[in-house]
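Q: Sequence:
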Amino acid sequence: MIRTRFAPSPTGMPHLGHLRTCAYAYALAKHSQGDFVLRVEDTDRKRYVPEAVEIIKNMVSNFGMKWDEYYVQSERAQKGIYKKAAEKLVEQGYAFYCQCSARDAKHEGYSDVLRDPCRDKKFKEGAIKIRIPDNEKITYHDFVFDKDITWDSNTIFDATLLKSKDLEELPTYHLAATLDDHEMEITHVLRGYDWMPSTPIHLLVYKYLGYKPPEIGHLTDIQSIEGGKLSKRKGSTSIQQLEKEGYLKEAIFNFTILLGWAPKDNRELFSLEDFVETFDPKGFQKANPVFNRQKLDWFNGYYIRQKTDDQLVQLIEPFAPKNADVSLINQTIHLIKDRIAKLSDYPSFSGFFFQEPVVDKSLFIDQAADQLSQALVVLKALDNWNKEEIEATLKELINKNGWQTGDFFMNLRIAVTGSKFTPPITDSVAILGKEKTLERLITCLK
RNA sequence: GCCGCCAUCGUCUAGCGGCCUAGGACAUCUGGUUUUCAGCCAGAGAAUCGGGAGUUCGAAUCUCCCUGGCGGCACCA
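Heads up, the first sequence is in our numbering, so the first residue is 1 and it goes up one at a time.
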């Protein structure tokens, strides 16, 4: 049985990369009725952001994914399992105590010192580091890249496995993830590409601990348009931020899974269920994809149009003008549904329903004053204020005067909405109501 | 610098030796519907498959070299 895991570290807001890794791991397991594990890797106390745990859990479940098991590494660490494993490796000679002072976390250079000076000093305490062997080939088969990848052990450095006492003797990722993946019987490890260079360390840890390594696959990095890995600095793609900008979960999800994975038939539209059903690791891409907002916008528009009007009203409420009347949003929804790409576009198409527009009179074209004053007269006389009556009345007026239909409606549009781009104007006027419509015409004629 | 990965339209990608004078989607442009903008429908342009050598009757597909991009080199994950 396949068992996968999503193992984020709670150091900040989850972003597209997290969602994608999670979705792939989930689909890989669920495609064959396997188990999906959520594991919080919170062994870095300095970068720990407490709220992040809940936000991550919410992200996973809000996108419809359910974990079968849940673990928190800091809690597991209290049982001493990592420390015990590290000490065992020291006893066996596969690791050693190191008393070098920790390197500055902000160092920007690179190190050529691969063999730690403490490796043969036989200290009895300190941080525990792995003793990387000399002249060994270390190989594994990457199931994403579908190829064997090999390192020469002489290029690998003696990495820390267990931190020193002042860091609570917590494990580093190298130890925690390998041990956990084994104990949790994870069959397929799917993780970010940035982990590939430390895979040989993990392979050695598995070996020295006497574990059979799981299948391992590294995902491509999502690149920002400016180049380089997507991050808070480049692209700002936290899930929360995107939702705040008016993107639907369906769109974010669909867009994300297609960044680095594609089905044989190149199908584009996927719900989570579709994705799980269709998923095939052969579809993984090897080259880094670029985050392209236009495609996201297209998915968003598509999913907005799939919503029922009622659903859309719910979704749009937070984006509507302040104190907007829900029943008014309700009336306008079908007029803007085809026009918006993001929920946040709603006010720009509907603001005039809620607020008196500022009309720039230079926008008016030919005969505006004449057309608007005559329109005011016939509309004022209208008893049944509905779209059909309004339209019939106005068309009659247009014919009588021999005006250009388009010009007339454009002038009416500008007078009532203040904009050249709006929903159909007769529908809009019908919703706006007789009183407000006439008021606005009068204002323009002053 | 050292180690590793990658390379098909602007972008996401299909392609795994002949079906490719390279297909789809987004974006772009044109036309239609139309009172604007959208939406929808129809159509167009867009990659000599990063470059160069090979292998082969035949290469986007295999090999090598080059170039370029990306990642890593922490008691961070």
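It should be emphasised that the hints constitute simulated quantities derived from the structure, not laboratory data.
Honestly, I wouldn't trust all of these hints.
Think about it this way: if two alpha-carbon atoms lie no more than 20 Å apart in a straight line, the pair counts; the simulated EDC-like pairs of lysine to aspartate or glutamate are [claimed, not checked]:
| hint | residue 1 | residue 2 |
| --- | --- | --- |
| 1 | Lys83 | Asp221 |
| 2 | Lys79 | Glu243 |
| 3 | Lys436 | Glu389 |
The following label-pair restraints were derived from C-beta to C-beta distances [to be verified]:
| hint | residue 1 | residue 2 | range |
| --- | --- | --- | --- |
| 4 | Ser101 | Glu268 | 35 to 45 Å |
| 5 | Gly228 | Trp385 | 20 to 30 Å |
| 6 | Lys436 | Asp360 | 35 to 45 Å |
| 7 | Asp146 | Glu87 | 30 to 40 Å |
| 8 | Gly64 | Val290 | 21 to 31 Å |
| 9 | Ser61 | Pro318 | 15 to 25 Å |
| 10 | Asp146 | Phe123 | 39 to 49 Å |
| 11 | Ser61 | Lys212 | 53 to 63 Å |
| 12 | Val378 | Arg339 | 22 to 32 Å |
| 13 | Asp134 | Cys100 | 19 to 29 Å |
| 14 | Asn266 | Gly192 | 52 to 62 Å |
Here the structure is a predicted model, which means the values were calculated and not measured.
Backbone N, C-alpha and C define an ideal beta-carbon position, used for all residues, glycine too.
Q: Please flag the earlier hints that this structure goes against, numbers listed from lowest up.
A: Violated hints (numbers, rising): 1, 2, 4, 5, 6, 11 and 14; every other hint is consistent with the structure.
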